[in-house]
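Novice: Between the sequences and the hints, there should be enough to build the whole structure, so can you do that?
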Amino acid sequence: MSDMGRSFEVLVVGAGPAGIAAACCAAESGARVGLVDNNPRPGGQIWRGGENHAGAPEAKRWLQRLESPGVEIISSAEVIDNPVAGFLLAQSPRGELIFHYEKLILCTGARERFLPFPGWTLPNVVGAGGLQALVKSGLDITGRKIVVAGTGPLLVAVAAFLRQHGGNIRMVAEQAPWSRLIRFGLAVAAHRNKIAQFFQLKRQLAGVPFRAGCWPITAEGSGRVESVTLRAGKKTWKEPCDFLACGFHLVPNTELASLLGCELRAGFVRVDELQQTSTPGIFCAGEPTGIGGVELSLLEGQIAGYASANHAQKAREFFAERDRFRRFSIALERAFALRSELAASPAAETIVCRCEDVTLGRIRSHSSWRAAKLHTRCGMGACQGRICGPAIEFLLGWKVESVRPPIFPVPAESLTARDRATPESVST
Amino acid sequence: MPDMIAVNVNGAKREVASGTSALAAAMMNGAKFVRRSVTGEPRGPLCGMGICFECRMTINGLRHCRSCQIVCEQGMDIRTDE
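Which chain is which? The protein sequence lines are D and X, in order.
The letter at position 39 of the first sequence is residue 59 when you use the numbering used here, and the numbering goes up by one with no holes.
The letter at position 63 of the second sequence is residue 1007 when you use the numbering used here, and the numbering goes up by one with no holes.
Certain hints may be false.
Stated by the list, open to error - Calculated cross-link-like contacts (lysine to aspartate or glutamate; reagent style DMTMM-like; alpha-carbon spacing at most 20 Å):
1. X/Lys976 / D/Asp262
2. D/Lys258 / D/Glu240
3. X/Lys957 / D/Asp160
4. X/Lys976 / D/Glu246
5. X/Lys976 / D/Asp160
6. X/Lys976 / X/Asp1025
For the record, the hints were derived by calculation from the structure and aren't laboratory data.
Predicted model, so just to flag it, every value in this text is computed and none were measured.
Specialist: Structure follows, in structure tokens:
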């Protein structure tokens, strides 16, 4: 029993940029640190594939800094429950794991927002970040026709990445209108590196049409996607493709924070200036506190890491820079807000909940998320509403209810481990 | 050339580069879709990061594995719902 539990002064959940920065800073301050992550390797989504795919020298620098002693990395482990205060339960291919912590830092990142439209459940209609992740994990897209659609700065970055890996990018369709994109450009002009990044991506996409105010209304194909119908203003047309890579910006992963009783504000985890949540001893950094990208995640991670190891003074050095990137985050939210026409895309018979195959018509015949859940099982499948929840919130304005453990589906034997999570089962 | 490893995709012997996910291995080796939904629709991956559960496959006999998060190992048996 004693080998299944471990105890840390600072436990970090999530090994993306925020989590890596937090773990490094806490360890360098002398704390015994654990970094638990559900991927096979650290790096999160943006640095997935480690140094080979990370591209940015920054990724290399942080991944090397992480190798220093003091951080124990626990990969391929998914946190599913908080059975007792001060303990987390995770599942992994090695069985269930129990961690004790004194301080906890949540760096659970974000996921893409997906919006339903007829045909979105066809094979090869994937997330934009989703297709990028598949390519990073070995999928060959050489010569494949790809339409990249949706919204957010990720689209252009993904399109450039896919092209670099041999994809034949037919078009980038951004739902936000030019007027908002231009205002966004002016608002973030002070972030010279962001502007430079954008022009670099634009060069990499030379010859690829970029359409603003344009979005997918249906995907067609037999057995898999063969074309997408796009709309811009009153005009609609069909674009042939082997893949439709489509995502509508990001939504934060707040399930674990909610489980731990951390207060949310407007869907994000509320934190104070030291990145502390409303729950004592629990910090949060990165996308769950507001979608802001890799730079803001690194800054918040460093602040949380130092603060958790009682180095508040050091943490304060990053405040001014963090404020600067928080302004970028606000501009981002304004620029890529969803246009109301997107809510008109799904038909009554369009599946919204892909786990239980529940259509929009069946969901909206009920008066609330709770009623729809009870009668149709929407949001009760394997993903536990992570995909359909944000879509339903946009389509019908219903807020998803509080989470319940386990926050990821688990084999039944893991549930019995809840009862074994006692201080005696943990070694230091 | 990266190291190649041998896997089994829907009963056929295939070689993939080391580091390839079970999902990518299946998609590149003839799998037209990954799973059948509860009403029988063919489905492929969506999120690519272990959240949507659309990439569930049977791996080494274990059902409902999120194949996008699993790296191929020598001799791994990968089965879609086809």
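Novice: Taking the hints in turn, state whether each one holds.
Specialist: The hints, checked one at a time:
1. X/Lys976 / D/Asp262: holds, 12 Å
2. D/Lys258 / D/Glu240: holds, 9 Å
3. X/Lys957 / D/Asp160: Roughly 18 Å between the alpha carbons, so the hint for X/Lys957 and D/Asp160 holds.
4. X/Lys976 / D/Glu246: holds, 13 Å
5. X/Lys976 / D/Asp160: holds, 15 Å
6. X/Lys976 / X/Asp1025: holds, 10 Å
Of the numbered hints listed earlier, not one is contradicted by the structure.
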